[in-house]
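Q: Sequence:
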Amino acid sequence: MKRGFILATAAVAALSLAACNRQEAANNPANPGQSEPVNAAQDAIGAAVGQTSAATLGANTKQGYVMNAAVGDMYEIAAGQMAQQRSKNNEVKSFAKMLVTDHTAASNQMKPLAQTAGETPPAEMDQRRKGMIDNLKAASDADFDKVFLAQQVTAHEESLTLHRGYADNGDEAGLKGHAAKVAPKVQAHLDQARKLQGAAGQGGAAGGATPEKK
Numbered sequence: 001m002k003r004g005f006i007l008a009t010a011a012v013a014a015l016s017l018a019a020c021n022r023q024e025a026a027n028n029p030a031n032p033g034q035s036e037p038v039n040a041a042q043d044a045i046g047a048a049v050g051q052t053s054a055a056t057l058g059a060n061t062k063q064g065y066v067m068n069a070a071v072g073d074m075y076e077i078a079a080g081q082m083a084q085q086r087s088k089n090n091e092v093k094s095f096a097k098m099l100v101t102d103h104t105a106a107s108n109q110m111k112p113l114a115q116t117a118g119e120t121p122p123a124e125m126d127q128r129r130k131g132m133i134d135n136l137k138a139a140s141d142a143d144f145d146k147v148f149l150a151q152q153v154t155a156h157e158e159s160l161t162l163h164r165g166y167a168d169n170g171d172e173a174g175l176k177g178h179a180a181k182v183a184p185k186v187q188a189h190l191d192q193a194r195k196l197q198g199a200a201g202q203g204g205a206a207g208g209a210t211p212e213k214k
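Residue numbers (the working numbering): 1 to 214.
These aren't lab readings, by the way, just hints derived from the structure by calculation. None of these values were measured; they are calculated from a predicted model.
Derived lysine-lysine pairs resembling DSSO-like cross-links, with alpha carbons at most 30 Å apart:
hint, residue 1, residue 2
1, K111, K137
2, K111, K176
3, K97, K137
4, K88, K195
5, K185, K93
6, K195, K181
7, K97, K130
8, K137, K93
9, K176, K130
10, K62, K181
11, K97, K176
12, K111, K130
13, K185, K97
14, K62, K130
15, K185, K111
16, K97, K111
17, K88, K137
18, K93, K195
19, K97, K62
20, K185, K146
21, K146, K88
22, K181, K111
23, K111, K93
Between beta-carbon pairs, the in silico distance windows are:
hint, residue 1, residue 2, range
24, K146, Q115, 34 to 42 Å
25, G198, Q115, 36 to 44 Å
26, S140, G174, 40 to 48 Å
Note that beta-carbon positions come from the ideal geometry of N, C-alpha and C, so glycine has one too.
Between the sequences and the hints, there should be enough to build the whole structure, so can you do that?
A: Written as structure tokens, this is what we have:
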């Protein structure tokens with residue numbers, strides 16, 4: 001009973017944050033995907049919503065876990081594919097390739113486990129992740145890596161909360177095992193994203209990062 005109350009309260013909080021996100025967009029008549037300050041605000045609000053969802057419904061129910069894990073993998077694959085095309089930094093491109101490989105594998109591994117648990121993963125990203133992809137598309141060439149890496153840090157923080165939480169609290173053995181297996185890879189991705197973000201913040205190719213050779 002107590003657990004249900006906590007989850008319901010958290011879900012209301014997530015919905016409230018989502019409503020704030022919609023209001024933010026409504027107050028901006030211009031295309032919100034074309035202004036970097038708006039992009040940052042949207043992604044920050046989305047990150048708060050995601051953390052709430054991951055820590056509550058996602059970490060405690062098989063339906064919430066499957067939904068969040070599936071759309072998270074879809075976002076990472078789409079973002080990674082875009083970064084491989086648009087980034088001019090070889091380390092960022094290598095990181096993006098790893099994201100596509102690892103999240104494709106995670107997605108494929110989870111599908112039969114979800115089916116066994118009686119859950120069907122969504123076929124496409126939710127509106128929040130679509131908005132993140134739109135913001136990434138709208139980033140200028142000069143700002144692309146900064147926007148991409150900022151999204152990767154918050155997305156993997158959310159993903160780590162989700163997978164660790166379900167591994168500890170989940171209600172279905174197969175999915176719990178999957179969550180425990182995926183969590184270390186998510187941690188490795190998060191560490192690399194933070195490393196690359198720190199290098200970019202120091203003005204360029206720190207830690208061996210090199211611009212792409214023409």
